[in-house]
Amino acid sequence: MLKILALLAIYVSAFWTSFVVDDYVFNGFELMVVSYIVGLLFGAVFYKRKTLSNFSRDATASSMLFSKQSPLIYMSICAILVGTLALQTPIGKSFEVITYLNDKYERSSKGGRVYVIDIVHDDYGVARLRVSKEIWLELNEDTPILLKLKKNLLGLHVVKSFEPLDH
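In numbering that gives the first Met the number 0, the protein residues as written are 0 to 166.
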């Protein structure tokens, strides 16, 4: 039972980390997709299924931590590590840029409606930010937005804060 709870905690943490990275890092969605694929490939290389032909009396070979784990565990751990690096490793000073709202839309979730704005910058890429309903209603396409950004260890830019500007 404890093993199942630990696996569930890892999967939920990876899922949650992906949403946070997508919300605050420019090109965060693409970063997380690549990290999931790399983790899955890494897991596929190291994972060895337990079949009758793989059983042996060699205790060191059968008890290796790497070969016992599912590829999904590798995928999830890779997503957690990359997400943590993307969010928690700022380099240099914060800086501000002015960009414009590209799109806004609503998503339905189990917790209710989520209001999302898409911000596209020529140099930094795309950021999707969850905002309150009040801010979402105030914004129109091409609304100028002041972003406070910070570069991270991976070379991507993290949104620290944003403020809609008046036309």
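Worth double-checking, as some hints may not be accurate.
[What the hints assert, rightly or not] Here are the computed lysine-lysine pairs in the DSS-like style, where the Cα-Cα straight-line distance is at most 25 Å:
hint	residue 1	residue 2
1	103	92
2	103	67
3	92	150
4	92	147
5	159	132
6	132	150
7	109	92
8	67	2
Hints listed in this document are in silico derivations from the structure and should not be mistaken for laboratory results.
Okay, the hints, checked on the actual structure:
Distance check on the hinted pair: residue 103 and residue 92 sit about 29 Å apart at the alpha-carbon level, beyond 25 Å; violated. Taking the CA atoms of residue 103 and residue 67, the gap is near 44 Å; set against the 25 Å cutoff, the hint is violated. Restraint check for residue 92 and residue 150: the C-alpha separation of about 8 Å stays at or below 25 Å, so the hint holds. Taking the CA atoms of residue 92 and residue 147, the gap is about 10 Å. The hint holds against a cut of 25 Å.
Restraint check: the Cα-Cα separation between residue 159 and residue 132 comes to about 20 Å, which is no more than 25 Å; the hinted pair holds. In summary, the hint linking residue 132 to residue 150 is not supported, as the alpha carbons are separated by about 28 Å, beyond the 25 Å threshold. In summary, the hint linking residue 109 to residue 92 is not supported, as the alpha carbons are separated by about 38 Å, beyond the 25 Å threshold. About 13 Å separates the Cα atoms of residue 67 and residue 2, which keeps this hinted pair within 25 Å; it holds.
The structure is inconsistent with the numbered hints 1, 2, 6, 7, although it conforms to all the rest.
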